[in-house]
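Trainee: Chains as they are written, first to last, in my numbering: chain A, 119 to 329; chain B, -2 to 447.
These are calculated hints, taken from the structure and not from any lab test. One or more of the hints may lead you astray.
[To be verified] When the alpha-carbon atoms are kept at most 30 Å apart in a straight line, the in silico DSSO-like pairs for lysine-lysine are as follows:
(1) Lys279/A - Lys48/B
(2) Lys320/A - Lys76/B
(3) Lys14/B - Lys318/A
(4) Lys318/A - Lys111/B
(5) Lys130/B - Lys318/A
(6) Lys48/B - Lys149/A
(7) Lys76/B - Lys318/A
(8) Lys196/B - Lys154/B
(9) Lys130/B - Lys76/B
(10) Lys161/A - Lys149/A
(11) Lys130/B - Lys232/A
(12) Lys320/A - Lys111/B
(13) Lys320/A - Lys130/B
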Amino acid sequence: MTQPIANCPNCGAKIVFRWSSSVQTVCQFCKSILVRTDVHLKKVGQVADLPPDNSPLQVNTEGQYGHQAFVVVGRILYEYDQGGWNEWHVMMNDGTSAWLSDAQSEYALSRSSKSQNLPTLAMVHVGQQFTWSNQRYTVSVITPAHYRGVEGELPFQYWDKTEVTFVDLRTESGKFATLDYSDPQPALYLGEFVEFDDLKLKNLRSFEGWG
Amino acid sequence: MSTGAPPLSGTPKPQAKALNCPKCGAAITLRSFGQAETVVCGSCHAILDAKDPNLAILQQFEAATGEVKPLIPLGTRGKLRGTDYEVIGFQRRSTKVEGITYYWQEYVLFNPYKGIRYLSEYHGHWNDISVCKTLPAVGSKLGGSSLTANYLGETYKHFQSAEANTDFVLGEFPWQVRVGELAEVTDFVHPPRVLSSEKLQNEVTWSIGEYMYGREVWDAFQLPGAPPEAMGVYENQPSPATTKVTGVWVAFAAFAVFLLALMAGFDMRAKKEPVLHETYQYNRAESKSEPPFVTDVFELTGHPSTVEVKTYAPVSNHWIYLNYALINQDTGQAWDFGREVSYYSGYDSDGSWSEGKQNDAVVVPRVPPGHYYLRIEPEADPALPGIPYTVEVNRDVPVLGIYGIAFLALLAPAVIMSLRAYTFEWSRWSESDHPPMNVANLASSSGDDE
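The task is simple: from the sequences and hints, build the whole structure.
Mentor: Structure follows, in structure tokens:
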């Protein structure tokens, strides 16, 4: 695992990339959003303080998925009209990355899929079925959300988005899919729901009054 | 922590928030660290936006104070399936079926790591409920009248569909709760579980519940006193009988096999040794004065054993009665018994009939070894001039009657258990959208008669 080291162009603090493919990170001291170019880091923006949130996870939380260990390296926080949720960017110990979403303590782990011919947003409606990787998925909810903030390392540039739409799909076997319409080209993530206890999470946040 | 990484800026520990109701000024505690969407003021019943730092008023509902009181007070903590949960919200819901309003209560439980869980209570019946992560498959058969749902490989039977109203709320809710909001609720059961779908506008939420007894809830939350008594049979209440019925029948089958083996074993071991076989002639003319006679002496050897006395007479629409005495020549001990042999047959409007048999057998138990003879005093139908009869004595015969009694003794609990299971299911389903057929038949036929 490579850990490229650079300095924050804004405040000079040391910036460590824990995942070699990270494209973006946030300086932990001055909150500058930094994007990697070939030679150096470029400041592209500044994050406001993230709103207080209730996820028990945080950057540096460690856990297990199957036989693989992972560590949380970054996150995107979204909001929609019924609340908010976190997409935690996790680095697996084989060098790949995945997303662990925490929506009011409902956890799902998914990875980017290379499937082609994804439907446009206008074509999708609740109850519709799609088949990817021999698995049939049913659209359960279409969520217009807005981007609330970022933290840590991300595999792409993600700092100037505002309105984004997600399409969640479920199966009868606990599998899970998300169509992400943040960009002109939709992106597909495939994964499954996971039990909190099965993730064997360490380095969690603590809550006042809850040991 | 990785090398060179600066220390985390240390986000503050989330704390329960203490705020004031913008309407009446009463203290409001937000216990769910921001998971709540709405919070209801306990004193003025204003429904407030929990996401808004100023707690904007979303709805105001009228409720006479103290009208509805949660059995588990808000803020109570308990251990449910190994995890600590705090009661953060409470709502009473109702549904109207054929003009009768039924009420039930729902509690919102919270754990900062595990999230939200629910408890529901209806007339002392509790359910531990969580939102389904897996999508159930709903199928219909028999023209949609009998719906089923499949969830995690198990089939759930449709129990009831109803419209549920929210008529009282208190505390925090992870969704936008409103009093008076109607949801379409459908329950499918597979005791002890219940699979429910709740349709609110366009959103369908599936949840899975597992039956809990009041005392389990009382233990979990260490509540004082006793839980309310459970009334009737609830839709997903596990039957106290069905769980054991199969076991009882398996045990019964095992015992029956054991009995048969025992019976066969004793039957094989029994010597069934013939000791006397004689045919005598009864003549009416003589019998008037003829005294009882005695048979030849026969010897019973070995251990005390059963002695079988068989009588055969070719009677037809007659009877013959024999007064027997089995007498031990050595000790004078005697066993007296009378046997009747009668056989009647004929034809009537129902066809042919018959009654009785030409054979009779009786077993004298535990007869010690020794020299024995039978004293026989015959009597017969006055219409019978004379008849031959055969007397046969066998030693050490198996007694099969006791096996029959044992068999019945084993059968009884199995039958009773099955009946109990049946009546339990009957009570369960008579509350559903699909009452048992015989109820409908019973009701309609008695209605027709009167």
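Trainee: Of the hints stated earlier, which fail here?
Mentor: Structure breaks no hint.
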